[in-house]
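We have chain A already, so just place chain B on it with the hints.
Chains as they are written, first to last, in our numbering: chain A, 150 to 500; chain B, 212 to 475.
Be aware that a few hints might be false.
Unchecked claim - From the structure, some residues in chain B lie toward chain A, with a derived Cβ separation under 7 Å: (1) THR283; (2) LYS284; (3) ILE292; (4) PRO294; (5) PRO300; (6) GLY302; (7) LEU303; (8) PHE314.
What the hints assert, rightly or not - Listing some non-contacts, in silico: residues in chain A with all C-beta distances to chain B over 10 Å: (9) GLY191; (10) ASP200; (11) ILE201; (12) THR205; (13) LEU217; (14) ARG224; (15) ILE226; (16) LEU228; (17) ILE308; (18) ALA331; (19) LEU332; (20) TYR339; (21) GLN344; (22) SER355; (23) LEU385.
In short, the hints are calculated from the structure, not lab data.
Beta carbons are placed, not taken as given, at the ideal position from N, Cα and C, and that holds for glycine.
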Amino acid sequence: MTTSAEAVEGLGKLEELQRRSHPVRAVVALIVGLITLIFAIGLSISFGAADISLGTVWTAVFHFSPDLTAHQIIRDIRLPRVLGAALVGGCFAVAGAIMQGMTRNPLADSGLLGLNSGAAFMLAVCFAFFPGLPYMFLILWSFVGAGLGVVIVYGIGSIAKGGLTPMRLVLAGAAVSALLGALGEGIALYYRIGQDLAFWYAGGVSGTKWYHLQILSPWILVAMIGALILSRSITLLSLGEEIAIGLGQRTGVIKVWGMIVVLILAGAAVSVVGAVGFVGLIIPHITRYIVGHDYRWIISCSLVYGALLVVLADLFARTINPPYEVPIGAIIAFIGVPFFLYLARKGGKEL
Amino acid sequence: MTVLEIEHVAIGYSSTLIVDDLSVAIPKGQISTIIGPNGCGKSTLLKAVARVLRTQDGAVYLDGKAIHQLKTKEVAKRMAILPQTATAPGGLTVFELVSYGRFPHQTGFGTLRKEDYEYIHWAIDVTGLREFSDRPIEALSGGQRQRVWIAMALAQGTDILILDEPTTYLDLAHQLDILLLLQKLNKEEGRTIVMVLHDLNHASRFSQFMIAMRDGQLVVNGNPDEVMTKENLQKVFNIDATMALCPYSNNPICLSYQLYENAE
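Okay, chain B solo, but in the shape it has when bound:
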């Protein structure tokens, strides 16, 4: 069952199209990951889904309804977005930032109700930030900060989470930490997660659905077994990959790789 349908979208600035006529269906209740080389339009696609960018052609459908025709606050109740470069303003505490996740559910001058407090506390607990909840965000480490943003998205109480490179700038352990958290949210609560990842092996290990892009177009999509093949990696990244199996997920991973002699 699909939850987000991307149909024939073209996205770009004035004359140059960054994404051109791309269609893909995001399955409900699964982790979907978009992979592709730098500048292939992954983030652009995600921004169009997040309605930060307008599509020049085609449309994104949420449960069958065109996303730009829905009220943006209604969309925000269904879908939370974590952009790539989220930086918190100075002086904001963890609790305060997470509480802004309740915005779509608030009316008027925005006082927090009991239900809002419950969501906020839950989001802070599930991301393991309880002891930090009254600290200013700039006093936290990079991994903790990323958790705070995820907590804010969780407090939004949506069943779809969209994340643009949630593991960038984090060390190996903290990357895994974030991905395990997302996996837990997916498995235990059935949340649909859509993200962009640069690490192919993480993408393969944690997702049930992968979308490989190149030059603003879809190269291949499907489960990791279908997408993570030597041929596809050549098509997408122009690399000569040596494939292996991930001992944790049994999905294919790229053990190591070489550039082709005739690389562009």
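Next up, chain A with everything else stripped away, as it sits in the complex:
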């Protein structure tokens, strides 16, 4: 008698364990991701025109001595650059995850839906008409530009009969991105600011300085905390708006906050690296595959793996063909485009 009861109980525990397998996988994925990220950051710092050993990287970060050239290179050039890459990656990935969850659109990505090109366009405008604008104001305009992009794309997408389908939004996004990109380039040519803009469009983190990070960090920190607070509500929204309302969620409020967080994240990232696409598309899909459908985990893992992707992309960009740098955007597109085609082939079905 007792043994069978125990067996049943044991079976129950096994069931419970399986049920919790998603959170378990999420925690493992988070830890593995963080360790890999730290390792990748170290590696990225040590590679470059002047070879520096991992040991020197360690001492430069934790026992800095201003007399050593290697330490100075690390402190002044490589560390801000790699941290910039990590921040940008995390921002794009989390922005993509939120957008996918809120809209149930598997093709949602700040690049594909016109946010990035909107922000980049606004930066071109700033360079042309307000040269020498402090970085603090540049990123504010970058947020505005991201907002402009998304408003135009959603505006065009919803004019069409039959409403906003994932595919339609992506088409509108592509058209608007092309338009804003062309306008930005036009402005750059006309006002001869091509040089200033070149690295923005090419998408590079090479120009990242400490003061950039100082200005960006508070914004990003607040937006990331916001994303984590919203994450459970986003899971609910991803079940469909009517379901979310039925479960007692104030969907309008959540959507507004979600959009604000997305604009800050995408705008901040573009102000560092330019209109790099696909990070926000690829990473949330991969994390969703690993950790399941709970956005509490999708968002936290996207943060880590987005950072990892861009740090690695930057590392490749610098090491493939030294001393020249391949644009980061091109390297990520190399993975992103096939991934996009794969998702589009599935018909852009709702998430």
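Leaving out everything else, chain B in the frame of chain A:
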């Protein structure tokens, strides 16, 4: 005794009203079914009750209180809603989806408590989904998926269940299966059920209260004997119905029907 009072509601988009000045009282502890032709505003009415759509005029009262003035989370503790086109995101397991039904009862970051687990397990058991509880929803059949959504609504622990065409896209046996489950929930637990059904005979067989609509207005409401008459079916659907009695419920059913010669 009424639990939901719909008073003089007008619902629509900008200038076109889909439901116009409709009043009806939903009795507590009974199965109420809304019937009517396509586009008559059945789903629209249900969406207004579910507070997905705002009423332009009039109001819906839950236990005497206007629903849009109550906190939406408080409403969600009283009333669960299953929309017509519920599709689960990929990769979600049955257990996970059902567990979201506990949202209105959770606070903070939303960890499930013992009570939540009990509700979830009960909802999964009563809908006969136990063996599927760890399967991804997309691996289930249409009938099973519908059960999962019902289980989620049940896990919400409300005494009112609102369902928009819960039997659509299901074959005959699975339709009956869902309706018998709802009947059981009503009989054994006294839950109030409000739904839209397209099948008149199912509506008549399973409900104690019927609401017939046409062109956004109430044509007639009452028990199946009062609503399921040849005259009413002509008024509502413009059909010439041959009536009979359902051998299971003794309620009137439509045996077969013909269109009127002068049909619009």
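Evaluated hints:
no. : hint   : verdict
1   : THR283 : 5 Å, holds
2   : LYS284 : 4 Å, holds
3   : ILE292 : 3 Å, holds
4   : PRO294 : 4 Å, holds
5   : PRO300 : 5 Å, holds
6   : GLY302 : 5 Å, holds
7   : LEU303 : 5 Å, holds
8   : PHE314 : 4 Å, holds
9   : GLY191 : 33 Å, holds
10  : ASP200 : 44 Å, holds
11  : ILE201 : 42 Å, holds
12  : THR205 : 42 Å, holds
13  : LEU217 : 45 Å, holds
14  : ARG224 : 38 Å, holds
15  : ILE226 : 40 Å, holds
16  : LEU228 : 34 Å, holds
17  : ILE308 : 16 Å, holds
18  : ALA331 : 36 Å, holds
19  : LEU332 : 34 Å, holds
20  : TYR339 : 43 Å, holds
21  : GLN344 : 46 Å, holds
22  : SER355 : 38 Å, holds
23  : LEU385 : 6 Å, violated
Of the numbered hints given earlier, the model fails hint 23 alone.
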